[in-house]
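As you go down the protein sequences, you meet chains W and A in turn. As numbered in the numbering used here, residues 1 to 409 make up the first sequence, in order. As numbered in the numbering used here, residues 1 to 409 make up the second sequence, in order.
No lab work stands behind these hints, which were simulated from the structure alone. Do not rely on the hints blindly, as some may be mistaken.
Said to hold, decoys possible - Examples of chain W residues toward chain A, derived with CB under 8 Å: (1) Glu161; (2) Gly386; (3) Lys406; (4) Tyr407; (5) Gly408.
What the hints assert, rightly or not - Below are the DSBU-like pairs computed for lysine-lysine, each with C-alpha atoms no more than 35 Å apart in a straight line: (6) W:Lys243 <-> A:Lys72; (7) W:Lys25 <-> A:Lys25; (8) A:Lys181 <-> W:Lys72; (9) W:Lys406 <-> A:Lys214; (10) A:Lys25 <-> W:Lys406; (11) A:Lys133 <-> W:Lys329; (12) W:Lys406 <-> A:Lys189; (13) A:Lys133 <-> W:Lys203; (14) A:Lys200 <-> A:Lys133.
Glycine included, every Cβ here is placed at the ideal spot set by N, Cα and C.
2 protein chains.
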Amino acid sequence: MDSRKILLMIFDGLGDRPLNELGHKTPLEATPKPNLDWFASNGVNGLVDPIAPGVVAGSDTSHLALFGYDPKEVYTGRGPFEAAGVGIELEPGDIAFRGNFASADEDHRLTDRRAGRIREGTEDLAKALDGLKLGRIKTIVRAGTDHRIAVVLRGRGLSPEVTDTDPHEAGETILESEARKPEAKATAKAVNAFTKQAYKVLKDHPVNRARVAKGEPPANTVVLRGAGVYPELVPITERLHLKAVGIAGVALIRGMFRTVGMDVLEVPGATGGLDTDMTAKADAALGALRKYDLVVLHVKAPDLCGHDGNASEKIRVIERLDAMMGGIKARLPGEIVIAITADHSTPVALKEHSGDPVPLTIFGEGVRVDDVLNFDERSMAHGALGRICGQDVMNLLLNASNRAEKYGA
Amino acid sequence: MDSRKILLMIFDGLGDRPLNELGHKTPLEATPKPNLDWFASNGVNGLVDPIAPGVVAGSDTSHLALFGYDPKEVYTGRGPFEAAGVGIELEPGDIAFRGNFASADEDHRLTDRRAGRIREGTEDLAKALDGLKLGRIKTIVRAGTDHRIAVVLRGRGLSPEVTDTDPHEAGETILESEARKPEAKATAKAVNAFTKQAYKVLKDHPVNRARVAKGEPPANTVVLRGAGVYPELVPITERLHLKAVGIAGVALIRGMFRTVGMDVLEVPGATGGLDTDMTAKADAALGALRKYDLVVLHVKAPDLCGHDGNASEKIRVIERLDAMMGGIKARLPGEIVIAITADHSTPVALKEHSGDPVPLTIFGEGVRVDDVLNFDERSMAHGALGRICGQDVMNLLLNASNRAEKYGA
Numbered sequence: 001m002d003s004r005k006i007l008l009m010i011f012d013g014l015g016d017r018p019l020n021e022l023g024h025k026t027p028l029e030a031t032p033k034p035n036l037d038w039f040a041s042n043g044v045n046g047l048v049d050p051i052a053p054g055v056v057a058g059s060d061t062s063h064l065a066l067f068g069y070d071p072k073e074v075y076t077g078r079g080p081f082e083a084a085g086v087g088i089e090l091e092p093g094d095i096a097f098r099g100n101f102a103s104a105d106e107d108h109r110l111t112d113r114r115a116g117r118i119r120e121g122t123e124d125l126a127k128a129l130d131g132l133k134l135g136r137i138k139t140i141v142r143a144g145t146d147h148r149i150a151v152v153l154r155g156r157g158l159s160p161e162v163t164d165t166d167p168h169e170a171g172e173t174i175l176e177s178e179a180r181k182p183e184a185k186a187t188a189k190a191v192n193a194f195t196k197q198a199y200k201v202l203k204d205h206p207v208n209r210a211r212v213a214k215g216e217p218p219a220n221t222v223v224l225r226g227a228g229v230y231p232e233l234v235p236i237t238e239r240l241h242l243k244a245v246g247i248a249g250v251a252l253i254r255g256m257f258r259t260v261g262m263d264v265l266e267v268p269g270a271t272g273g274l275d276t277d278m279t280a281k282a283d284a285a286l287g288a289l290r291k292y293d294l295v296v297l298h299v300k301a302p303d304l305c306g307h308d309g310n311a312s313e314k315i316r317v318i319e320r321l322d323a324m325m326g327g328i329k330a331r332l333p334g335e336i337v338i339a340i341t342a343d344h345s346t347p348v349a350l351k352e353h354s355g356d357p358v359p360l361t362i363f364g365e366g367v368r369v370d371d372v373l374n375f376d377e378r379s380m381a382h383g384a385l386g387r388i389c390g391q392d393v394m395n396l397l398l399n400a401s402n403r404a405e406k407y408g409a
Numbered sequence: 001m002d003s004r005k006i007l008l009m010i011f012d013g014l015g016d017r018p019l020n021e022l023g024h025k026t027p028l029e030a031t032p033k034p035n036l037d038w039f040a041s042n043g044v045n046g047l048v049d050p051i052a053p054g055v056v057a058g059s060d061t062s063h064l065a066l067f068g069y070d071p072k073e074v075y076t077g078r079g080p081f082e083a084a085g086v087g088i089e090l091e092p093g094d095i096a097f098r099g100n101f102a103s104a105d106e107d108h109r110l111t112d113r114r115a116g117r118i119r120e121g122t123e124d125l126a127k128a129l130d131g132l133k134l135g136r137i138k139t140i141v142r143a144g145t146d147h148r149i150a151v152v153l154r155g156r157g158l159s160p161e162v163t164d165t166d167p168h169e170a171g172e173t174i175l176e177s178e179a180r181k182p183e184a185k186a187t188a189k190a191v192n193a194f195t196k197q198a199y200k201v202l203k204d205h206p207v208n209r210a211r212v213a214k215g216e217p218p219a220n221t222v223v224l225r226g227a228g229v230y231p232e233l234v235p236i237t238e239r240l241h242l243k244a245v246g247i248a249g250v251a252l253i254r255g256m257f258r259t260v261g262m263d264v265l266e267v268p269g270a271t272g273g274l275d276t277d278m279t280a281k282a283d284a285a286l287g288a289l290r291k292y293d294l295v296v297l298h299v300k301a302p303d304l305c306g307h308d309g310n311a312s313e314k315i316r317v318i319e320r321l322d323a324m325m326g327g328i329k330a331r332l333p334g335e336i337v338i339a340i341t342a343d344h345s346t347p348v349a350l351k352e353h354s355g356d357p358v359p360l361t362i363f364g365e366g367v368r369v370d371d372v373l374n375f376d377e378r379s380m381a382h383g384a385l386g387r388i389c390g391q392d393v394m395n396l397l398l399n400a401s402n403r404a405e406k407y408g409a
């Protein structure tokens, strides 16, 4: 039997918990979603613990697991994936941070942790910081979405074992980075030098003068977090013999794709926000299946509703996801395996990630079918996949697509 | 409570996927099998991933797991189990191969990879090769079923890190064995010397002269694959304190039994083929329970139907397996635990092993009972055992038979 193409849909933060306002149902349980239910009814289903039962996964660690890597082996911090996501070509030994443009007074006390959620001019500001020398260490700086920024330190003998400078609260002073291990002292020193130099460079930058003139908070400082060393992963092309491409609006996920050796497809209208064009993404995914073995389509929207604590918005997003799946169902290529899952739960009531498992449907001609009829948390508990771990998912997809290699004889 | 005897039934390749020709049911789901269903209804059930979810198991790695060993620790290749299966007493350091008698021309090009599926005279041919010296390395050669052969290299400093000589296709030239690691160079050289010497010894052997005279392809060469080093396993008698015996028609599985320290029971009529005498095997198994703590009964037939892509034959085999279980049910010894499972799935549509999980029923007086009514893939998904790994099975059997040792106090 021939091998199949694989379409993996990852709906960020889709899993949830029961809400009183929804009659003690989760958003998935409360939303009519005929197309998602059709895939569940005609596929095999289960609940996935992205890392392990009860463990709260980040989007980064979860994606690593879903792509078949052991996060405990390869994950050091989120910085490198953000940096890869904004297009920085990382090298072994690089230490990467993610961070924010922020507003601070002369004493480095934060007045706005996101510089008024600055949207314009951040590329100019990043350019002003890019290439800054901190002794023998070189910095690489790129603007991300809105106020977000990626900062990479490049040089000899750097360590990711340094603490964040981001105090996470307005009114607090920017933190001094500290070495968690002795070998990280030089790195912490460089980080603190960066904080000071960045302020000097940014405070009188034309972009900020214009902002102050308009009464907007200046993006006159940078706070950093998530230090990580560039993970040298065996690319998915080699490990699983899959030519793979990913579609995502957000930089972190694009960085995940690049880091595991996947191509990244640019889709106009894919924003990583609630305004993302899901139809355009689905069209692009179906098109990419002609050229690639594995296409991953990531949608950030449900996670945003979870973080906002907005149940009705999460329901609207689920309706839109269902419509997108309806479009895929209507144009279903023959020799294909489709998997629908999430990277983690972001319960509306919690406004944060939780360690609750997420639904998984695997659908395709010849794939076993179980008795599950609905794509939701409660129904999935009866699926034939049982309760599995994120790291199992890629093996299950290789098997369903007749691409798995035999272990033994 | 007293400990029980254990009867473990392993139906090779029994698991399957839904087939359109069976109304989107698997062969197990499509076959009336009142006795298998009776055991499922009166036992506890689940789905077993022989190695891990989605991972495609060989019969060798799967049996190791079912017997409680970690294949990742002890498995190096299939050769040693084949060699043990045909009665070669392996020693630590031995490198064992499985292979075929084949037909080749003078340039070592294969004209028939199975020498016309030769059945007679193979023992004489193997004897002619047995004891061949390759420098300081000694060879041990035994004929297996039909065209199959086991070859062992014995000597100092040998390594299993050598490639196969079997090109797997008629018309191709026999491959030169190559060293995968520097320390395997001498072994690869010995393998290539064996290929040449075997041809010299075999080409004018009386058995082959007679074959050529009758117009049959001569068994004038040997192709080798699956190099492995003899695994030094702690025998099951010591690890689990079980006096154990196995019944199987095929050499590989007999070799698995011997390697893990089980006795092998010879049952007339147990062929490893579709013509195997299941009643005789069941009789022998029930008899052996008087003397042994654990009796393993292996039936190869369902796997053969899967590899042949023959759904109706697989259904007939399932009917015969059910009749065999009916015979066991009719003469059920009192103090017994019976487990019914498979080593892996061999879907008819795939004609190969797949990574789909296999059914498991554990039955016995006092063993918990769940709501599963049918012994098939879909029903097992609702079993109380859930979805477990092959390596869990022996612990579950030790527990069900009141033989498990306490971990802790």
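The hints, checked one at a time:
no., hint, result
1, Glu161, "32 Å, violated"
2, Gly386, "3 Å, holds"
3, Lys406, "5 Å, holds"
4, Tyr407, "5 Å, holds"
5, Gly408, "2 Å, holds"
6, W:Lys243 <-> A:Lys72, "27 Å, holds"
7, W:Lys25 <-> A:Lys25, "33 Å, holds"
8, A:Lys181 <-> W:Lys72, "29 Å, holds"
9, W:Lys406 <-> A:Lys214, "39 Å, violated"
10, A:Lys25 <-> W:Lys406, "25 Å, holds"
11, A:Lys133 <-> W:Lys329, "65 Å, violated"
12, W:Lys406 <-> A:Lys189, "28 Å, holds"
13, A:Lys133 <-> W:Lys203, "84 Å, violated"
14, A:Lys200 <-> A:Lys133, "14 Å, holds"
The structure is inconsistent with the numbered hints 1, 9, 11 and 13, although it conforms to all the rest.
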